[in-house]
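Enquirer: Single-letter residue listing:
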Amino acid sequence: MGMQSGRKSATRDEWKRGYRDGYSRGVHLACCEAVARRLPPASAVQRDLKVLYIPQGFAAIDRGVIEGLRETVRQPIVGDARDMLRLAETARPDLVLVLNGLHTFPADHASQIDRIRALGIKTAVWFVDDPYFTDDSAKVATHYDHVFTHELSCVPFYKNIGCPDVRYLPLAVSTTLYRPLAVDSRYCSDICFIGVGFPNRVRLFNRLVPYFSRKRVVIIGPLWNRLQGYRSIAGRVHLQRVSEEESVKYYNGASVVINLHRAPDDPKYNRNSRNIPALSINPRTYEIAACGAFQLTDVREDLPTFYTPGYDIATYGSADDLLGRIEYYLRHEDERRRIALRGLSRTIRDHTFANRLRQLLDAVFGAADANQTAENAEEG
Amino acid sequence: MTMAASGADKGRRDGFALGLNHGYFHGRCAAVMAKYAQEAPLTRNYRILYVRSGKGYPYSPLDRAIIDSLSEMTEQLATAFPKDDVVGLAAAFKPDAAIVLDAIGSFPPEKADALRRLGIKTAVWFTDDPYYTDVTISLAPHYDYVFTMEQSCVPLYRSIGCGEVHHLPFAVNPRVYHPRKVDLSLRFDICFIGSAFWNRVEFFDRIAPYLAGKKTLIVGLWWNRLRHYRLLKSKIRLGQWMNPEQTSARYFGAKIVINMHRSHEDESFNRNSRKIPALSVNPRTFEICGSGAFQLTDVRQDLERMYTPGREVAVYDSAEHLIRQLEYYLNHDEEREAIAVRGLERTLREHTYRHRLAAIFKVMFGEPS
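Residue numbers (numbering that gives the first Met the number 0), protein chains in the order written: chain A, 0 to 379; chain B, 0 to 368.
Just so you know, these hints were derived from the structure itself, not from any lab. Given the structure is predicted, the values throughout are model-derived calculations rather than measurements.
Result set (DSBU-like, lysine-lysine): computed pairs, CA atoms no more than 35 Å apart in a straight line:
hint : chain 1 : residue 1 : chain 2 : residue 2
1    : A       : Lys15     : B       : Lys234
2    : A       : Lys15     : B       : Lys34
3    : B       : Lys180    : A       : Lys214
4    : A       : Lys138    : A       : Lys158
5    : B       : Lys9      : A       : Lys214
6    : B       : Lys232    : A       : Lys15
So the derived label-pair ranges between C-beta atoms look like this:
hint : chain 1 : residue 1 : chain 2 : residue 2 : range
7    : B       : Gln75     : A       : Ser8      : 55 to 65 Å
8    : A       : Val298    : B       : Ala91     : 55 to 65 Å
9    : A       : Ala58     : B       : Ala16     : 25 to 35 Å
10   : B       : Ala33     : A       : Ser110    : 49 to 59 Å
11   : A       : Ala58     : B       : Ala36     : 36 to 46 Å
12   : B       : Ser70     : A       : Ser8      : 41 to 51 Å
13   : B       : Tyr35     : A       : Asp361    : 31 to 41 Å
14   : B       : Ala33     : A       : Thr175    : 22 to 32 Å
15   : A       : Glu326    : B       : Gly309    : 44 to 54 Å
16   : A       : Pro40     : B       : Arg224    : 53 to 63 Å
17   : B       : Asn223    : A       : Glu326    : 47 to 57 Å
Just so you know, even glycine gets a beta-carbon here, dropped at the ideal spot from N, CA and C.
Same shape as in the complex, but just chain B:
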């Protein structure tokens, strides 16, 4: 009896101690969220027509994020799919501006021209740069304003005569990506979620023996291409589909989330004949930080403008460096958690889709900053 009781006591004590740690970290994130939740968005009087990408994943969450934010920022919003009678809708709705997402292969340039002829300011936001520049370069001149997620493409569009070209990075939808209580079965030391592109396969094969010794979770397509697949098999959820909320939960549940950009030279992207480099960070950069997770990422040139390495994210530049960083941050809880909290704060302060749309409004309507 006594033994059972003391076992139970110890169980409660141990559980409490771990719960307190996890809860305390969650509370720090919650306090940051509360701080930014109080900032109500400025409502504008613009009439906006938003033309969705109309494509499935990964464009659909982007459409949702933009519509979520626009609906908070303007009371006069119409949305359309590219296959709809967008011009007819615009003639009736008489928006001040039409914003088209992506447009590649979905929204014909003639429709953009027709919107312009109605006296509506038109904007396109390219989200696949630089990988489809062979296509986008012929679309861009049909719009008054060109926004691109890729810094390196700004001079490209300017060089073909586009007057208003602006870099507009990815961001995060805080309604989807945010800290949340995570079941213990979903808590891991190290987490990577994404497809096994060849550059990632090569990299992960080099760190596989290290990952095998940790509580690791890898989710995504094609990971059976690893040479070390059998070594990591028990840690890999091959091709498991997760929605963004589930992804965000696993980010928050992990001590460290690895981010690794795909290579711009990857042969799967063959519509970039000008070999324009990829300098800007992927959406995952924002999504990991927006989830309140600690991010260990490879370095794209633009990263420093988004997050301060060593302060809001941590970085690596080789497989050996990644292992050293993993080992260091797994053993330095306070530093790791402080970086994660600062990363979350920076995200909510500067990198939500609300911020991006505010930037669009500023450019299109000359709003003072």
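For reference, chain A alone in the conformation it holds in the complex:
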């Protein structure tokens, strides 16, 4: 009898806890949706251009670029890196746009680009792994008419190695993929981190393990079994990668999502022998914010250009600082929610791929003349 009623009261307590969690997430979700609805509709102006896009295989970014191109140009085409020359020959686009051009790209990547240029077709690459793989990107960058990098510190680098036109183009987020969402209680946590357990991350998290063991924590990503005291939180660590769709759910279910940039000077995992510093923020910054989730991030120099710390994002310095802030924001739900809502609003307004692609197209083709575009549209 005693055990039975113990069970019943445990179930009741869990029910109440679930109700509390669900309630606060429900309130926030509705507020997020309202924020998104109130934003002015995005510009519907399309340039009369044919763009051949070559993905890197970064699912979230490729999807964002493709969606962004559909919004900004009349004829977007998506191709494959092995085939880009042949596709360019047949489709005769105004521009071949390559995302990142590393890792899985074929060995004849540079010669294909050279021959595309020889056809009189403009070529552009957008590097989104800078500065971590600059040893590789340096080898192909000079073959393009236009180089875009999401990393501020890499602009002078590409100029120095002889690229004719180099511009800074920050990352963005697909708001159809990363968005506020109703999730079930399995995705709920106090604290969530998703990403590879790189050494700099493990070092910081080592200090937090005792605290984490008392909280509802979810950590997702390879290499986290290297944490000191891993066993005490092993049940809350998933060592496999999860899909972007799953990440969205975990972000949506978390009270606090931690963002921690990887180190630019990691000899084991990087190919950045010149030790180019990292000033710019990662895609995850935008992705977390686009879910309407509350984000605590470490500070890259470039951060204030995109978010205002303390207003639409929260930041931390040391491990102790992070711990103090987690604790503070877990206890101050309203403040947390307000910051997250502002972060969502800022992201949807400013940090979409369509916005970035308009900048890119302006750089390649000159600023779009709205009247000109409208006239073209009528003729078409």
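Go by the hints and put chain B onto chain A.
Expert: Relative to the frame of chain A, chain B by itself:
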């Protein structure tokens, strides 16, 4: 162990799912409130003297709502009780306008005349029309401006020579009536809060068997007059006193809040010898919608000018119809919640006391709309 754990898991899942529903609805309401909270009221430079009703409930919340709104809208506000030396105060304060609430039996017409002689524009706002028209008809001519909550009384005051007569409906004080997190013990399917006037008793006796099968809450005086009192006894809080905040919480916690106007022929109101009908809606109409609740109301002629039936409130015209509507909206969560959210939005857009006072200012000071 495993069983206990899975019971706990299921408990958490179930609790979460319900909490998410309740929270999501609250969030939709909160988003509407946030939208209207951003609209700062226009501050005017008028000097206003407000003379309270000076009576207790239900006039005191009205006084509070009007003073709350006036203090947001003008920086030069003096308030007085009718028994105060209002004329002396006015002579010193030199207001542009004096607004008197109710005045019935509390503020002598001679005082209104004295205010007028000081060169102050005077206004009275009658809140009990048409039930005390035998009295108000002798008060009205003593004021420059007459405002009445009851549409049907506008021609009456005009017919006795009042030049400026305007319909000014009830409204809501959003500081008091608004959506809020409600303890689960206060959540009901169907809620009615109000006294058991005879027209309501007769009506509720007809729907009592239906209400008995639902999670129902009835709060108010005299409900033991029901023939079916024993059937509903466990659902009735007889004569339980609740302040407006508690009332608002129960509205928001209910899936459906019933509104039923009292009858203008009720014998308790015997100062309406002209039998002027009641066409305008009661304060509860605004208070239910302002609380973010779904309202099912009987139809007064004026209702359509305040809320769009089927869109911002739902309506019924008979006991049978009420039961059909209850059953329908209990089983159509999305429609019900959408109507409640739209009702809240309409309220905050048009039916707060700030809107009413802006209307008074417009009439008295010729403000452009």
